[in-house]
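Participant: Protein chains in written order, with our numbering: chain F, 1 to 314; chain R, 1 to 126; chain L, 1 to 270.
What the hints contain is simulated information worked out from the structure, not anything from laboratory work. Be careful, since some hints might not be right.
Some chain R residues close to chain F (C-beta under 7 Å, calculated; not the full set) [said to hold, decoys possible]:
id	residue
1	Ala36
2	Asp47
3	Asp52
4	Ala88
5	Glu90
Residues from chain R that keep clear of chain F, each with C-beta distances beyond 12 Å, as calculated [said to hold, decoys possible]:
id	residue
6	Phe33
7	Asp40
8	Gln108
Here chain R is said to cover these stretches of chain F; the calculated rule only asks that three of the stretch's residues, wherever they fall, bring their Cβ under 8 Å from a Cβ of chain R [to be verified]:
id	region
9	10-21
10	46-55
11	84-93
Every value quoted in this text rests on a predicted model; they were computed, and no experiment measured them. We put the beta carbon where it would ideally sit given N, CA and C, even for glycine.
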Amino acid sequence: MSTVPVTQDDPEQLAAFNARIAAGDQIEAGEWIPQQYRFEALRLIQMHANSEIMGALPEREWIPRAPSLARKMALTAKVQDEVGHGMLLYRVAETLGRPREEMYAELVEGRARFHNVFHYPADTWADVAIIQVFVDGAAMQTQGALRSCSYAPYSRVLKRICYEEDFHIQLGLDVWRALAEGTPAQRAMLQDALNRWWTPIIHFFGMPDKVSPHTEAMLAWRLKVKSNEELRQQFLRRFVPIILEYGLTVPDPGLRYVDAEQRYVYTEPDWDELKRVGRNGGPKSAERLALRQSFYRQHAWVREALGRWSAAAA
Amino acid sequence: MERGRGVTPTSRGGPAPSWIRTLDAPADVWAVFLQARRRDAHVYVGDVHAPDAEMALLLAKENYTRRDPCVNLWVVPAREIRATSGDAAEMFEPATDKSYRFGGSYRQQQRVYRGGYHIAPTEDER
Amino acid sequence: MSAALATIADPAVRAAFREWLLRVADDELMIGHRHSEWTGVGPDIESDVAMSSIAQEELGHARLIYEQIAADEPGGVDRLAFDRPPAEFRNAVLLEQPNQGWEFSIVRLALYEAFEGHRLALLARCGHEPVASLAATLGREERYHGLFAGTWLERLAGPPAPQSRGQTQSGDARARVQAALEAAWPYALGFFETTEADGTLLRAGLLGESAERQREAWEASVRPLLERCGLNVPAAEPSLGGRRGVHTPDLTQMHTEMTEVWRSDPEARW
């Protein structure tokens, strides 16, 4: 998708729009927006929606294998919430002008992006605990910050999403606790899962922001509220203590808190891996997209049947 | 329905009055209104995609009332909603003194306007 | 002894009632497990969410009934759900079958809800507490399940609402649904398979209706729905075994997967 608008926005409207945002105003669906704003907001929200839909896949692998009825029900409810978030977010993206069907088709055909973390395997039951505590915890940082973004429909949906994600983290901590305080085998499984997920989670927040016109525009338009590094630090402050509290090891031996700088320093991760994964080149990208495509094709006749039904009933 | 100001614009053809708009939603999007308890008003909570009203109600139940109390749901095709336009917001802001509508002070009046639909109790009512 | 069973003096009746409750719980566990597999991969996002709620409620029902049985059996509900071998399960075979397409799951749910609604009503009238009250409570949730199944079935297979110009669903869509119905029907008749327990419970007055009478009531409620959808009611011999613990490789496969983590350490807290 080109970043260069086809025609220029009306300069007066653009100036008025920018002034409103600068004054702290929020934009509602249907109002005039600059083409670049539409493009950026759509990209941001669509990627979020895609991530909820793809994010369901690693965890749903464990629904059939959940080791108690209580865990089975809780995990099903949690994954259901993610699917529901996708529903809410696609509707927000729709208000910016793209039909849901088009965005969904683009996703399953591998032409759209979703967050790096969901390109990785969920190899053991303990991965469920890591995903629910640390992956959802990471997402909470970004989503929490964006509650004050400039696009009101997205801001409202994020409030609902953050409210539900809070439950997920609590559920995740319950699984985490059972494993961390369990048998040696359970603790080992948990530490192993944490080791495998650590880098993708650090990657999740993105590279430290470059000073660029793009970043400046996103901040000015409040489609970006905090910097990548701020959010990563926020995450580390909240979640590293949990690891230490349960006597587990932070997978990065280079991670430590530097009092003088009031921040965590950590081993610089391989950003090339993030770039590869972002282009749907992660360890599970192909398999998960194939699964989505397979169900999408399987359900084509159902979509057609519903289409005929609503056309005839109109 | 009579022609004139405020008539549903798109159903009669011609340009809509500039203070009225549609929500520009796809045909299969339904707005969902939830009534939490018997005494409450229905409140807009979001939308569902559905092929018809019956399915919209069924889907709304699980998509919007899993954690929220509910005794009743309404659904309506989102594109049937008519709304005032954004630049008509100015009309709703009271420009001149309306204290003749309120028994109490200017402060009370402003509190009501700022507080929206839910009226805060006065000192006497508390 | 558990609350549900303790007050039954006759050991034969007690064993029969335990077996009957196990059928209900196992049915709900199996169909709940299958429905939970739709989470994330349903035909549209909203229906995906709705079906997942149905799954959670079914699993919840299984749990509540296992609690009635296992109140003082060692290991509680998870022992009952995860520790028995496939041959000790009392579910109808239809419910252990995989989700062979959305239409199969919808057909199965429609057939099952008509049966389950009636069964819970019977249980609610059995006069034995606290099971009777529990059954009444569960029945309230089943209503939505039935509405969901029926509404979906109409849209997949049936003619649209009468206000339309009378167009019918595409022959291809209806043919798929009919095929799913033909595949499911013999196994649905397995809902009504009997063992000695049925006779024992009828004589003891805990069960108000014979299996045959239940099957007639079920067919009478299912037929109008199917006909409204332009579907032919199949004529088939029942495929039995589930109520006696005779199951299929589907259950073995499902059971192996379902118990994989639990079996890695049955004594652990998960």
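Participant: Among the hints numbered above, which are violated by the structure, and what are their numbers in rising order?
Facilitator: Violated hints: 1, 4, 5, 9, 10; rest satisfied.
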